[in-house]
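107 is the number that this note's numbering gives to position 107 of the sequence shown; each next residue is one higher, with no gaps.
Don't read these hints as lab results, they were simulated from the structure.
Just to be clear, a hint being listed does not mean it is correct.
Calculated pairs, EDC-like style, for lysine to aspartate or glutamate (alpha carbon to alpha carbon, straight line, at most 20 Å) [unchecked claim]: (1) 194 to 380; (2) 374 to 230; (3) 194 to 379; (4) 374 to 442; (5) 335 to 155; (6) 455 to 174; (7) 194 to 155; (8) 194 to 153; (9) 335 to 385; (10) 455 to 82; (11) 455 to 404; (12) 374 to 153; (13) 194 to 442; (14) 335 to 379; (15) 335 to 116; (16) 455 to 180; (17) 335 to 230; (18) 374 to 389; (19) 374 to 385; (20) 455 to 171; (21) 335 to 380; (22) 335 to 153; (23) 455 to 76.
Per label pair, the in silico range of CB-to-CB distance [said to hold, decoys possible]: (24) 230 to 74: 39 to 47 Å; (25) 164 to 249: 53 to 61 Å; (26) 385 to 421: 21 to 29 Å; (27) 421 to 335: 26 to 34 Å; (28) 385 to 166: 31 to 39 Å; (29) 107 to 202: 29 to 37 Å; (30) 156 to 403: 38 to 46 Å; (31) 167 to 453: 24 to 32 Å.
Keep in mind it's a predicted model, so treat the numbers as computed, not measured.
The C-beta atom is built at its ideal place from N, Cα and C for all residues, glycine as well.
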Amino acid sequence: MSGYPGFRIAARSRGIGFGVASLACALLSPAFAAPAATDYARYAGAAPMETVLAGYRALFTCSAHFHAGRALDDIERVELVDTQAFELPPPQIDARRRFVRAAGPGGETAVAAYRDSMGCTLLPPDWSEADLASLPYVAYPPVPNRSAQNFPDGDRVRLRTPASLRPLLRDAFDGATYGDGSVTTAVLIAHRGKLIAERYAPGFGPRSGYRTWSTAKSITATLIGIAVGDGLLEVDAPAPIPEWRHPHDPRAAIRLVDLLQMSSGLESSGSNTNALYFGGAAILPAITTTRLEAPPGTRWQYANNDTLLLLRALEHVLDDRLAYLRFPYDRLLHKLGMFDTRMETDHAGRFMGSSQVYTTARDLMRFGLFYAAKGVWRDERILPEGWTDFVAQAAPARPRKAGERGYGAQFWLLDTMPGVPAGTYTSAGNKGQYVTVVPGADLVIVRTGVDPNGKRWAHDRLVAAVAAAL
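Could you build all of it, start to finish, from the sequences and the hints given here?
This is the structure in structure tokens:
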């Protein structure tokens, strides 16, 4: 059993995929354009280094420039620092058509296109700029002016930072105390629901965005929790993946909880999904074609595909392309005031919710405060009762072990680390993206960074220090 206390409602069967009728409706909707070509299919992780480099540079430049308003020279210094050794030409920004073209070492190019409500999407190698109009798009009204409202509802902040925290904030940015060579861009601390500390690196601020990397997994788990509360999905039932409904397909036994706890048993190259993230490949053919290697629920293995399969299950039970694309914003992000957050998609309009979310440190703090409030926001219960406890329970296939981070349901467990208070759990993303909840202390800590490859941030030590200081 998953340990999740309730909501044993079977997922509603609505047929396989999108059907002819619903697909026709989607294509006729003003939110969609007719597809220019078939999905560009590649096995997850199977992408040449040259292609990955070009795609990485195009996508990161696109998000940082068009969404965060950053200049190219700054982007090359920060986001693209790990690619400097290849001495590639600067990415080309088309400001009018809002796309970026970047070259790889072999002369190949990659194009990433921006849409204001969708963020950036990497085009497949066999698409041209003429296919930009084929990318999915959902229109939203302008973001309300919240400058006069107090955080987290708005943007106004009046900090009363305790003196005990000031040395910790200084140390978090020194590039040595919590990780030699680390580069912190933001640290925010909230206590008892109030923001009490906020500091940014030079060149960054409250509206500066960055990629969440795998902190996106915790956002995806939240969307799944909302769908469970709606009765669309059931934690202990087989995951409704239509591609696994062939007779005698052993993958049909994989439960939703197995995917949530990284225990699907599916073959995986681990965290390597370069073909999807930076190669322009479509998500669906990559994640639904891997074979079963171990009985579901018996082997823990960190795998981006398990997270992406959760979103495939959500897409299937919603059975409506527009409803699927609106779901994260209508049901979670905009409710929390996370208006600076974009869940980016592949070219077929499927969320890359294992990594490709672009957001700000303040939006991440809103997310953390929401979890600290047990899934309730402004007197509205958004997550079903018990979900925030469920994600912080240790996955059975990864027993708790002192001195090592544990794993729950798309969240990491930190309370097995020295000095970290009991019950502490956190999101965690590459290059140091963390949203950490310390329930017993009513404490939320957000750290974002651009740690260079090979540099590690000791987040557990910062959490222990902050908890002790308060």
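Quick rundown of the hints versus the structure:
| no. | hint | result |
| --- | --- | --- |
| 1 | 194 to 380 | holds, 19 Å |
| 2 | 374 to 230 | holds, 17 Å |
| 3 | 194 to 379 | holds, 17 Å |
| 4 | 374 to 442 | holds, 11 Å |
| 5 | 335 to 155 | holds, 15 Å |
| 6 | 455 to 174 | holds, 14 Å |
| 7 | 194 to 155 | holds, 13 Å |
| 8 | 194 to 153 | holds, 12 Å |
| 9 | 335 to 385 | holds, 18 Å |
| 10 | 455 to 82 | holds, 11 Å |
| 11 | 455 to 404 | holds, 18 Å |
| 12 | 374 to 153 | holds, 17 Å |
| 13 | 194 to 442 | holds, 10 Å |
| 14 | 335 to 379 | holds, 12 Å |
| 15 | 335 to 116 | holds, 19 Å |
| 16 | 455 to 180 | holds, 7 Å |
| 17 | 335 to 230 | holds, 16 Å |
| 18 | 374 to 389 | holds, 8 Å |
| 19 | 374 to 385 | holds, 8 Å |
| 20 | 455 to 171 | holds, 16 Å |
| 21 | 335 to 380 | holds, 10 Å |
| 22 | 335 to 153 | holds, 10 Å |
| 23 | 455 to 76 | holds, 19 Å |
| 24 | 230 to 74: 39 to 47 Å | holds, 42 Å |
| 25 | 164 to 249: 53 to 61 Å | holds, 57 Å |
| 26 | 385 to 421: 21 to 29 Å | holds, 23 Å |
| 27 | 421 to 335: 26 to 34 Å | holds, 28 Å |
| 28 | 385 to 166: 31 to 39 Å | holds, 38 Å |
| 29 | 107 to 202: 29 to 37 Å | holds, 36 Å |
| 30 | 156 to 403: 38 to 46 Å | holds, 42 Å |
| 31 | 167 to 453: 24 to 32 Å | holds, 29 Å |
When the structure is compared with the earlier hints, no violation turns up for any of them.
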